[in-house]
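Sequence lines, in order, name chains A and B. Read in our numbering, the first sequence has 84 at position 84, and its numbers run on one by one without any break. Read in our numbering, the second sequence has 696 at position 369, and its numbers run on one by one without any break.
Keep in mind the hints are simulated off the structure, nothing from the lab. Glycine is no exception: its CB is placed at the ideal position from the N, C-alpha and C atoms. Be careful, since some hints might not be right.
Claimed, not checked - Result set (DSS-like, lysine-lysine): computed pairs, CA atoms no more than 27 Å apart in a straight line:
1) B:K530 x B:K673
2) B:K530 x B:K413
3) A:K155 x B:K530
4) B:K502 x A:K319
5) B:K413 x B:K401
6) B:K401 x B:K530
To be verified - From the derived model, a few chain B residues whose C-beta atoms are all more than 10 Å from chain A:
7) D428
8) R518
9) N523
Said to hold, decoys possible - Using C-beta positions, here's what the derived DEER-type ranges look like:
10) B:S621 x A:A8: 46 to 52 Å
11) B:I629 x A:T268: 17 to 23 Å
12) B:V499 x A:I298: 48 to 54 Å
13) B:E441 x A:R11: 37 to 43 Å
14) A:D87 x B:R345: 44 to 50 Å
15) A:T268 x B:V635: 35 to 41 Å
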Amino acid sequence: MTALVDVANLRVVFHGDRGQTMHAVETVNFELARGVTLGLVGESGCGKSVTALAIMGLLPKASADVSGYVGFEGTNLLGLTNAAMRDLRGDRLAMIFQEPMTSLNPAFTIGEQIIETLVRHRGMNRAQARARAIELLRDVRIPSPEQRVDEYPHKLSGGMRQRAMVAIALACDPQLLIADEPTTALDVTIQAQVLDLIRSLKRKTNAAIILISHDLGVIAEICDEVAVMYAGEIVEHAPVDALFEVPQHPYTIGLLASIPRLDRRVETLATIEGSLPDMSEVPQGCRFAPRCPFASEICVGSPPPIANIGARHWSRCVKAPLEEVRP
Amino acid sequence: MSAPLLEVEGLRRHFVARRSAFGRPTATVKAVDGINLTVPAGSTLALVGETGCGKSTVGRLLLRLIEPMAGSIKFAGRDILAFGEKELRAFRREAQIVFQDPYSSLNPRMTVEELISEPLALHDIVPASRLRDRVAELLGLVGLDARYGRRYPHEFSGGQRQRIAIARALAVEPKLIVCDEPVSALDVSIRSQVLNLLNDLRKRLSLTYIFISHDLSVVKHIADRVAVMYLGRIVESARADELFANPRHPYTRALFSAIPVPQPHAQRQRQLLEGDVPSPLSPPAGCHLHPRCSYATDRCRIEWPALVDDPSGHATACHRWRELPAITGTSRQDAPAPRLEALMAKFTRRTVVREANGVDTLKVENGRPN
């Protein structure tokens, strides 16, 4: 299995105007094969969106230092010129953002925004592109696409807008699709519809998908593999079943424990005490140690090694595998 | 059951969305279209529903932040709609609100101490000499250190800000707090800290909550009773355990089945609702849900189903709920394996709400320190 996407030692450091630095992403590594959906999960500020933007080459060059390697079909995207990246984006690389109201251009019709992509990347004429746009809107299950194609984004509901966003992203059959919190702004019944749509698209196309979400429920529904991020690092990477059945990083376990369960009511919900570390400098030891109920002295001094647990399953924890820890 | 703190009948509020050139309304949104609620003192009622169902409007109506067009609201037996300015001001001491977004609900130019002491000074609750101590007590109550008083809201994380907003609401020693999506803007690990805090405070201070949320899994852990709203009306209302075990209304069932469960091969008996929520400007005739409901019949398209209470107190507004196939309710989430359960238990620690002298002050009804 050759990987379509190969991210190695990705690091992003932001510089402020007054000399401050923020280590948003530190040594992120993962591989992604065609047809596989990788979930990137973590809480606000963990670096999951920055990772996505770095892959897409969308971080401002002036304030963000991106280093490492982002391989896409064997080419390092970080070495490409802006013009070469523009040729890839919208064509073989596509992205869906969280808030469809702000990521669609309100001054153009939905159709216009799909046609633009097709004309730019596929060299279609407008009539062909329009016909294809209608087809795409039908694929994402927008009712009466012949009329919708001429409507402006504000005329559509949130769910419809997100479908239109998906249609734009899929216009050129991308090989890699990054969806950044695609359902977070939607109501739960609409979220279920959009997840259903993404699931069926997964089956139809052979694209690799990176799905970014803070919601482990959404991850469980869609993904084949999961990378859990904390404070700029991937702390655990596992096939989806293993992650939810035998998680090996305390942060993953804490996240799973914090989700209010539907099958029972408890007096006190589990919590991860404390808050994220200050990212203005790189912490010495394990970044989760101050909040970790399993932590001891060995966690504080030096960065934790990567423990290989099983097939494609690793955890950045000195205590992993956690089986031996007597509760 | 204890005496009701809040009794609401026939509450109605429409908003004019468009007017003709002569100022005559041409389109109205029936945000709240005739709802009844009874909330016993010391309990939590959750109002659940999706965007635009009217749940936040209900919260604001209950506090008279907006005026209803019809209906009655009784708070501790008194008709709050008859209150004059002076009585209304006194009522503000008894009923408070915590908003969703602690980034916009706290004035960024005020320190925490100023934020919390403002209501104390407004209502003249504490003499100026004791103000600082009282603020420290309130901060302790919500699990924040008193030395944070001099800081500004931007120096705090979302969870800490929500604690400050809660401390501010508690400052006037209210009986009722309307919590409008208080944890929706928070990360999952922080969300449970705030939920635990709210639960704790309710028990210690005998508070009554109206908990407004779109998230049923959160509601499960905090509510005694749940009312599900759809387009301005309550479609189902029951004790929380009963509603979660036996959801009757097709809309409630769809809400349940749409919750993504953190379990890769969970049985997904999806009851997908077709289409979008209709525009509240022109809600469908009959049962508002009928265009999206797979069980709808001709009767549903014409006749609006009344909310009918059964003897157990489980009320449903559906013509057909008795005929609907039984569903397994919410049991589709399995318990975790013993190893994982043991590891997860490490994260269950009681959030210690520090004992402060203020607690007793708060417990005593209207206990004004002299």
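Sort out which numbered hints this structure fails and list those numbers smallest first.
Structure breaks hints 2, 3, 4, 8, 9, 11.
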